[in-house]
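Quick note, the sequences are listed as chains E and H, same order. For the first sequence, this note's numbering begins at 114 and goes up steadily by one. For the second sequence, this note's numbering begins at 2 and goes up steadily by one.
Note that these hints are calculated values from the structure, not bench results. Even glycine gets a Cβ: it sits at the ideal position worked out from N, Cα and C.
To spell it out: a stretch of chain E is covered by chain H in this simulated footprint if at least three of its residues, at any positions, have a beta carbon under 8 Å from a beta carbon of chain H; those stretches are:
no., segment
1, 152-158
2, 164-170
3, 176-189
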Amino acid sequence: MTTTAGKYLSTIVRIVLGLVFLYAGVLKIIDPTAFAGNIAAYRILPYFGNYLVAATLPWLEAICGLLLIFGWRARSAAAIICILNGVFMIALASAVLRGLDIDCGCFQQGGDKTSAWSALGRDVVLLAMALSLLGRGRRRSP
Amino acid sequence: MHQGITRLLREMAGICLVAIAIGLAWNHQLLHNARTGNAPPGSTAPASAPRGQSGQEQQVVPLPLGLMQVKEFLDRKEAVIVDARDKAAFAAGHITGAVSLPLGEAAGRLADFAKRYPSTTLLVVYCNGYDCHDSHNLANKLIAAGYPTVFVFEGGFPEWQSAGYPVTGGTP
Numbered sequence: 114m115t116t117t118a119g120k121y122l123s124t125i126v127r128i129v130l131g132l133v134f135l136y137a138g139v140l141k142i143i144d145p146t147a148f149a150g151n152i153a154a155y156r157i158l159p160y161f162g163n164y165l166v167a168a169t170l171p172w173l174e175a176i177c178g179l180l181l182i183f184g185w186r187a188r189s190a191a192a193i194i195c196i197l198n199g200v201f202m203i204a205l206a207s208a209v210l211r212g213l214d215i216d217c218g219c220f221q222q223g224g225d226k227t228s229a230w231s232a233l234g235r236d237v238v239l240l241a242m243a244l245s246l247l248g249r250g251r252r253r254s255p
Numbered sequence: 002m003h004q005g006i007t008r009l010l011r012e013m014a015g016i017c018l019v020a021i022a023i024g025l026a027w028n029h030q031l032l033h034n035a036r037t038g039n040a041p042p043g044s045t046a047p048a049s050a051p052r053g054q055s056g057q058e059q060q061v062v063p064l065p066l067g068l069m070q071v072k073e074f075l076d077r078k079e080a081v082i083v084d085a086r087d088k089a090a091f092a093a094g095h096i097t098g099a100v101s102l103p104l105g106e107a108a109g110r111l112a113d114f115a116k117r118y119p120s121t122t123l124l125v126v127y128c129n130g131y132d133c134h135d136s137h138n139l140a141n142k143l144i145a146a147g148y149p150t151v152f153v154f155e156g157g158f159p160e161w162q163s164a165g166y167p168v169t170g171g172t173p
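When you get a sec, could you build the whole thing from the sequences and use the hints?
Printed below as a string of structure tokens:
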């Protein structure tokens, strides 16, 4: 019973996490220039680097989201999402430490502003979800 | 165990490579324009033509910059702040240290501007806030003139003034 419940819960976590990343990725794919602007606001990368990340990162998010939804190579996708969330959290923390008042640029580009603190909180939840998928996959592997 | 980790890493690398390849292919025109700082091919029409973000052809547009970043750029003298409003508005009050380059006079004054500021100069353009599009239009002209690094301070003079940052001219 417990194992079955855990299996269902894991499936729900996997699909929800996949949908979140697919949604985030597609919104950025639609408007890469606006996403580049949001990255530029962090003042971490050089000018062209902002465009480069804006061109590629959304696709990585969307593909990982799809893999999680379909459950194919889900553990690898979860591992990538863990790393991505770690990078996002470092970037957000650095923005907070430098006193930058910026939109996190996580989802809707140019929409309502999301503060760095609430984005950090959200990333912690997403990281926990991805880690739970990673841990479960490891327990199941021989 | 070791084999499992190797397989996981290999899969992760494969996913990343596929995503990067698709992203680069999908946005190749945008990246080319961003790297060269050139206007997109075929856009020889005047810069005042309306430009949608979801058009068929992606183009480099000046990146938006927030109030704090503009302040930091100015404090560290890392950027030249360009006022896109007309002369009267500039005289009535402008960001301290800003250079006036009214959009209406840009065509005639860009050559002189280019002599004073080399193409490597980082530029931040502003006008009268979010409803004002002169800053975007001027920034596009500056990009087309060969300045690859142009930002737009969308909050413009109203946001700067209301934040209590240094202003020159006008009444308090």
